[in-house]
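Visitor: Spelled out from the first residue to the last, the chains are:
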Amino acid sequence: MRITCPHCGERDRREFYYRGAAVDLDRPAPDAGEKAWDSFVYLHDNPAGETRDLWYHEGGCGAWLVVTRNTVTHAVLKTELASQARS
Amino acid sequence: MRVAGKGLIDRDKPVPFTFDGRAYSGFEGDTLASALLANSVRLMGRSFKYHRPRGVLTAGSEEPNALVTLGDGGAQEPNIRATVQEIYPGLAARSQNRWPSLDLDLMAVNDLAAPFLGAGFYYKTFMWPRRFWEKLYEPVIRRAAGLGALSGAANTDRYEKAYAFCDLLVIGAGPAGLMAALVAGRAGADVILADEDARMGGRLLAETLAVDGQPGALWVDSALEELRALPNVRLMTRTTVTGAYDQGTFSALERVSHHIGQRPSGAVLETFWRIVAKRTVLAAGALERPIAFRNNDRPGIMMAGAVRAYLNRWGVAAGKRVAIFGNNDGIHRTARDLLQAGAHVAAVIDSRHDAPLSDDYKVYRGAQVCDTSGRKGLEAVTLRRASGMDRIQADCLAVTGGWNTSVHLTCHMNARPDWRRDIAGFVPAPDAVPGLRAAGACNGAFSTAACLREGVEAALAALGDLGIKPADAPIPAAEDDAYTLSPLWAVPGRGRAWLDFQNDVTVKDVKQAATENFRSVEHMKRYTTQGMATDQGKSSNVAALAVLADATGRAIPETGTTTFRPPYTPTAIAALGAGGEGMGFAPQRFTTSHQALTARNAPMVEAGLWYRPSYFPQPGETTWRQSCDREVRMVREAVGVCDVSTLGKIDIQGPDAGAFLDFVYTNMFSTLKPGCVRYGLMLREDGHVMDDGTTARLGEHHYLMTTTTAAAGEVMRHLDFVHQGLWPDLDLRFTSVTEHWAQFAVAGPKSRAILEAVLGQTLADENWPFMACGSVRIGDVEGRLFRISFSGEQAYEIAVPARFGASLFDALTKAAEAEGGGLYGMEALNVLRIEKGFITHAEIHGRVTAFDVGMWRMVSAKKDCIGKTMSQRPGLCDDSREQLVGVKPVGESRELLAGAHLYREEDQPVRQNDQGYLTSVCFSPTLGTMLGLGFLKNGRERHGEVVRMMDHLRGVETLCEVVDPVFFDPDGGRMRG
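For the record, the sequence lines run as chains A and B. In terms of the UniProt record's numbering, the first sequence has 1 at position 1, counting the first letter as 1, and numbering is strictly consecutive. In terms of the UniProt record's numbering, the second sequence has 922 at position 922, counting the first letter as 1, and numbering is strictly consecutive.
These aren't lab readings, by the way, just hints derived from the structure by calculation. A portion of the hints provided could be inaccurate.
Here are the simulated SDA-like pairs of lysine to any residue, each with C-alpha atoms no more than 25 Å apart in a straight line [stated by the list, open to error]: (1) B/K278 / A/G33; (2) B/K814 / B/P617; (3) B/K161 / A/R11; (4) A/K35 / B/S860; (5) B/K161 / A/E58; (6) B/K868 / A/V41; (7) B/K278 / A/L25; (8) B/K278 / A/H7; (9) B/K278 / A/T68; (10) A/K35 / B/K863; (11) A/K78 / B/W727; (12) B/K863 / A/T71; (13) A/K78 / B/F165; (14) B/K937 / B/R847; (15) B/K161 / A/E10; (16) A/K35 / B/F663; (17) B/K278 / A/R14; (18) B/K278 / A/P6; (19) B/K161 / A/E15; (20) A/K78 / B/M413; (21) B/K863 / A/V41; (22) B/K863 / A/R11; (23) A/K35 / B/D864; (24) B/K6 / B/S447; (25) B/K161 / A/G60; (26) B/K278 / A/T71; (27) A/K78 / B/L466; (28) B/K278 / A/Y17; (29) B/K868 / A/P28; (30) B/K862 / A/R2; (31) B/K863 / A/G33; (32) B/K888 / B/R565; (33) B/K278 / A/P30; (34) B/K863 / A/D26; (35) B/K868 / A/A32; (36) A/K78 / B/K6; (37) B/K278 / A/H74; (38) B/K161 / A/R2.
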């Protein structure tokens with residue numbers, strides 16, 4: 001698998017560390033309530049199809065990326081810097 | 001035997017070799033199979049299950065029968081295909097799966113028992129008693145059935161891995177692949193042309209076809225000459241592309257020196273490649289398929305295309321009297337080639353009723369071979385015609401049932417191939433692998449002209465995708481004969497007719513599977529083991545599928561195919577893991593003091609990727625405990641020096657650095673005064689402790705964080721995530737400086753004295769109080785000094801740029817030794833911190849909270865931080881949780897063990913009564929007893945209680961008293977000085 005880092009270009013996935021769903025970017029306010037926090041920390045979707053994941057270019061520039069990809073076809077549809085991709 | 005005037009071998013260069021100890025001679029350019037055939041050796045192996053005599057079936061990497069073992073000891077390699085192995089002077093090949101010899105194999109008794117050994121035999125027979133399977137049945141079966149074996153010794157050969165990138169990867173160098181490479185190469189694209197054969201050209205080397213008005217092999221030579229002259233084209237022979245992966249990544253195995261006899265020491269045997277291609281042309285060709293008929297597995301029965309290959313490429317006639325049987329025009333091409341070379345064609349048996357006749361040889365139209373005879377080599381074939389049976393003397397039978405397209409790679413990413421009725425074969429589904437186009441025979445185009453044309457078209461399309469302007473791409477003239485066949489998979493009749501030669505699967509086995517309701521092709525495969533041998537059913541899968549379709553009354557497309565998985569041909573684990581054996585398994589990180597430590601014979605222990613000293617044995621010390629106890633006393637009574645450079649160091653700078661640290665740590669850092677150090681606790685977002693360490697404020701906007709050795713990478717990742725992902729507006733930068741600074745702990749009552757000696761300055765307490773930090777000069781070098789302690793003694797850590805690490809370590813060691821101190825290792829460090837109740841990752845193991853380790857007061861109420869919200873959930877901070885405690889033995893047994901569990905003294909020590917567990921233990925020379933740290937339910941309220949420690953695994957039971965986790969100097973007077 002190849003991921004295109006916005007800083008470094010297309011690289012082998014061995015250079016990247018995988019974290020999980022990009023919902024980790026949407027941290028609730030401290031007083032958002034149990035439900036919001038439970039869903040933020042634990043209840044992530046695992047879809048067959050398009051996902052937005054967080055990948056860390058650990059063997060490269062150290063950028064956190066949001067990678068949009070399809071878990072069925074393995075197609076990588078889009079990569080962007082996490083610092084610019086907050087939804 | 002050799003045929004004069006034929007072949008691409010070098011007859012001026014004879015090559016002596018042995019097979020099963022007997023000496024033979026071949027020529028340069030021979031494979032082991034062609035050289036053995038040239039020496040009239042037909043018997044090359046024994047079959048997997050029935051130990052039937054077997055000869056070579058094919059002339060390529062799909063070979064199921066002619067497998068041999070090469071090499072001895074650690075270099076012994078089994079299951080080498082004689083059809084792929086090139087001969088070299090001194091090559092010594094051995095046959096496999098026979099005892100005592102290939103000619104007299106007593107295990108052939110299995111063949112007589114064949115009626116009992118059909119599909120499902122093992123499953124039905126070896127059911128009971130159950131315990132017999134492991135001890136008796138499996139070893140016996142494994143000995144009787146099998147292929148070659150490894151020696152059991154460690155592999156002595158060297159393997160390598162390598163990476164390559166290109167615009168266009170062309171897989172296969174037959175007519176289609178060569179044309180694709182030529183077109184793309186001429187246009188200036190970066191091209192890799194990979195072919196599994198030692199010599200490029202594909203079927204053009206094996207046939208007598210003309211291209212562009214010249215013999216095919218000569219056209220190949222001129223094409224290769226042009227390609228070699230192009231600097232943008234890389235030709236990779238002996239390189240099998242074994243798998244297709246995401247985003248244009250392909251794996252390939254290069255057999256670098258299997259063909260070299262005297263390999264220089266250190267020579268690489270195989271290289272495992274990862275090739276990343278923007279576009280790919282698959283020109284993998286096709287593999288000829290056999291027809292199943294009774295006793296179709298005798299030595300001398302071969303594929304018709306292989307008979308032509310041995311004749312045209314290697315100048316070898318596969319027999320003196322050759323019979324030919326098939327369902328397509330390939331049989332007539334075979335007859336013509338043999339006659340032209342002067343061989344005797346005994347009969348041509350064409351299953352088609354409208355087969356063409358010939359004046360040159362006898363054609364049996366609408367006939368089928370229904371049996372053969374000859375125990376260790378073919379002697380005669382029996383054929384069935386409308387008018388009756390005929391028996392024909394022959395020592396070779398060339399068979400063709402048509403061609404199976406090599407669609408394997410197109411299916412590695414989950415696509416299924418499409419069935420094409422006209423060729424009775426599969427073709428790749430469009431876009432089966434993104435960026436890959438199939439061309440030539442693997443795409444169902446069988447004439448030479450069609451292959452050349454498709455190669456050009458595929459390359460032009462790829463160039464179009466890449467935006468590269470094509471050069472002129474004329475298509476050479478070649479034969480364009482139609483490929484017509486009438487499907488014939490299995491000749492009806494009694495007896496055993498082989499489908500899968502390598503796993504001994506017959507038509508009867510597949511039918512039996514269907515009868516027993518294993519109708520799915522995947523079930524049939526597993527029940528019969530069809531296609532599960534090392535050749536992965538390359539010759540047999542399609543025919544087996546056709547037989548299953550027939551037996552279940554379905555069409556072939558409806559029956560489906562099994563899943564094609566990488567690798568295309570067997571790949572040694574040694575190649576996949578090249579470089580990863582022994583110390584190559586993981587990188588090694590050494591501190592600047594490494595040489596000094598090993599010079600003192602310190603046994604080194606791994607800490608992540610780092611190597612740290614365990615202890616420093618002195619003369620007269622015979623156990624590690626003696627050294628460790630001495631080092632602990634030395635630190636408590638004088639001074640000790642320890643390299644602590646392995647702790648993670650993260651340099652953080654910027655106006656918002658304080659706010660950032662407040663957010664990642666539970667406690668406050670924005671309020672820390674410059675020149676001071678503070679201990680910090682870091683949580684994960686789920687409220688559990690992630691890591692701890694000290695952070696120093698070196699300046700107004702400048703902090704230096706330390707992490708534990710083990711979690712340095714994890715913390716760096718975490719900080720990057722928090723900054724970039726959660727709070728990118730913060731104005732700060734940080735980077736890891738772990739490698740840039742060498743840092744040494746100097747601990748003990750005399751630490752101040754020796755540091756003053758080394759630094760040449762005073763370190764009065766009013767300037768350097770506990771938890772102070774600042775710069776110091778060591779000669780001309782600017783360093784940093786931190787007054788922090790992980791031992792409970794008055795202690796400092798001194799840091800210098802790494803290039804000065806070794807010399808500072810040496811100076812500190814000498815100064816300490818002059819004061820009755822010295823070096824201490826990890827064992828002593830661990831004892832010192834347990835005596836003080838300091839936690840490490842043994843305690844903060846991922847399931848504990850700040851509450852559990854007694855640090856809930858460190859979670860600041862004044863601000864939010866990572867993990868704060870979740871850490872306040874009721875379940876994470878109530879008294880029923882296991883809390884950090886110390887334990888000391890009080891009963892007869894004085895032994896404590898980490899990992900042991902704690903129970904109430906009056907309870908049965910069983911799981912239901914579990915109260916907690918120990919995480920760290922040591923013998924404390926300071927207190928003269930073993931000490932333990934651990935977690936106990938509501939432990940902070942239970943100091944003074946006696947609990948039972950029970951280690952069921954090691955059978956140790958100890959009564960201990962629950963105490964405060966700080967065993968030594970609880971008010972910290974020694975540390976503050």
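Visitor: State for each hint whether it applies.
Guide: Hints, verified against the model:
no., hint, verdict
1, B/K278 / A/G33, "49 Å, violated"
2, B/K814 / B/P617, "17 Å, holds"
3, B/K161 / A/R11, "17 Å, holds"
4, A/K35 / B/S860, "23 Å, holds"
5, B/K161 / A/E58, "22 Å, holds"
6, B/K868 / A/V41, "13 Å, holds"
7, B/K278 / A/L25, "33 Å, violated"
8, B/K278 / A/H7, "20 Å, holds"
9, B/K278 / A/T68, "20 Å, holds"
10, A/K35 / B/K863, "21 Å, holds"
11, A/K78 / B/W727, "22 Å, holds"
12, B/K863 / A/T71, "39 Å, violated"
13, A/K78 / B/F165, "22 Å, holds"
14, B/K937 / B/R847, "14 Å, holds"
15, B/K161 / A/E10, "20 Å, holds"
16, A/K35 / B/F663, "22 Å, holds"
17, B/K278 / A/R14, "19 Å, holds"
18, B/K278 / A/P6, "19 Å, holds"
19, B/K161 / A/E15, "17 Å, holds"
20, A/K78 / B/M413, "20 Å, holds"
21, B/K863 / A/V41, "20 Å, holds"
22, B/K863 / A/R11, "40 Å, violated"
23, A/K35 / B/D864, "18 Å, holds"
24, B/K6 / B/S447, "23 Å, holds"
25, B/K161 / A/G60, "21 Å, holds"
26, B/K278 / A/T71, "21 Å, holds"
27, A/K78 / B/L466, "20 Å, holds"
28, B/K278 / A/Y17, "24 Å, holds"
29, B/K868 / A/P28, "12 Å, holds"
30, B/K862 / A/R2, "44 Å, violated"
31, B/K863 / A/G33, "17 Å, holds"
32, B/K888 / B/R565, "58 Å, violated"
33, B/K278 / A/P30, "47 Å, violated"
34, B/K863 / A/D26, "19 Å, holds"
35, B/K868 / A/A32, "13 Å, holds"
36, A/K78 / B/K6, "57 Å, violated"
37, B/K278 / A/H74, "16 Å, holds"
38, B/K161 / A/R2, "18 Å, holds"
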